[in-house]
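Q: Sequence:
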Amino acid sequence: MSDPVSLCCPITQELFVDPVIAEDGQTYERAAIVRWLQNGNRTSPISRAYITIAGLRPVFAIKQQVEEYKNRQNASNNIATGRSTIETDQAQKSSVFDLPNSNNFNGAEVKLPYGADDHAVRAVQGPMYTQAHRQTRLHRETDALLQTPTSRRTQDHRISTSNTRPIHVPQRSYQCRSNCCEARKRCFLCSHKRALLLSDDQSTLLQPLIDRLQDSGITTTYVQNGTATYSGLPDARVFDVVILITGALKENDMPINGQLAITNAQKFNGTGVVMTEWAAYHVSKNRWQILSQLLLSKQAMNGSTNTLTFSLVLNNHPIWTDLPKTFITAIQMDISRLGVPVNGASILANCTECAPKRIGVVVRPRVGVDGRIVQIAHAGHSGGNRIWAVDDNITTMMVNAVRWAAKII
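So for the sequence shown, the working numbering puts the first residue at 4; every next one is plus one.
Just so you know, not all the hints are guaranteed correct.
To be verified - DSBU-like cross-link-like pairs, simulated, lysine-lysine; straight-line CA separation at most 35 Å: (1) Lys-360 with Lys-270; (2) Lys-360 with Lys-288; (3) Lys-301 with Lys-270; (4) Lys-253 with Lys-270; (5) Lys-253 with Lys-328; (6) Lys-360 with Lys-253; (7) Lys-301 with Lys-288; (8) Lys-288 with Lys-328; (9) Lys-288 with Lys-253; (10) Lys-328 with Lys-301; (11) Lys-360 with Lys-328; (12) Lys-270 with Lys-328; (13) Lys-270 with Lys-288; (14) Lys-253 with Lys-301; (15) Lys-301 with Lys-360.
Hints were generated in silico from the structure; no laboratory data involved.
Put together the whole structure using the sequences plus the hints.
A: Have a look at this one:
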């Protein structure tokens, strides 16, 4: 029989041992939430609110409920283990009760005549009947308890806790590759990541990419014209990754408050960042003065428009999953000619047409508590083209980049 969900940690899905409540009002197992925060996360895996280890407080009421539940379970198990065998002898019309406790009549066998009057039997057998009657009642209660169907997860794959509303979990099965769970199996936390997409207002052109992100297990919040209007809401800290696709807004700067929100989320909350062009172009025009701290390679020369040839440099990198080692884009795209990588970044893939350095994709892994960063040299979404609908390789690379930055792969 499954344990009550209200007494289980929403992270481990096991009974609480040392329950604590965080600043967001959620209850967690202390060891699980501390491990989650020590891995560099700064927001709750359930509510996405900002929480700290210092803000954790013990919840004695839930701990007491768990102890009471365990005591009831132990009592039920003891009854089931020592349960008497009830035999019905149709010939003799009698019921047999075997009382195994040596303190009760030395294990004497009590036979109750079939159909006998309760008062008559009680008068004849006295306390022996009382003990047998009590044991029979316990058997019935145990049967009812053991036959009660209980399931921690309902058929629509919803998980609920005592202090949260049900959270829908996608039915797809994902392989946990981060540090949020030790079992590294199908993981609720790793299959329910959130992305903040800031781009232009070409929602129709972006929809194929958003659909692919959703299909990969990433809940995506799209802010139209976000690269020109984002000022900090929604809070970048509650997202696992921020995606910056400038598109048609190549001459528009982002408000300073928005740049600060993204930069702080990356530095202090482990939020990943994925950017395409015109990221380096913005910095070359003295825009993105705060976001420039996250740039992995600055523009070395003016860009151009070409079909692009991408070739993998870092073998076996997760961003190249399901991609050929070398591929040519389906349509022409604008590019930036990037210079030597900075901020501890590495070249993931070359771009033959991106001379002189031929840099196509640059990545920087997590350092301390900050988030991963991916910078891609193409501006595939600009110019009104339908790159996300017509080029599966470019879209796959983008989805993989987002999943890597979100620490799913």
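Q: Which of the numbered hints are not met once you compare them with the structure shown?
A: none
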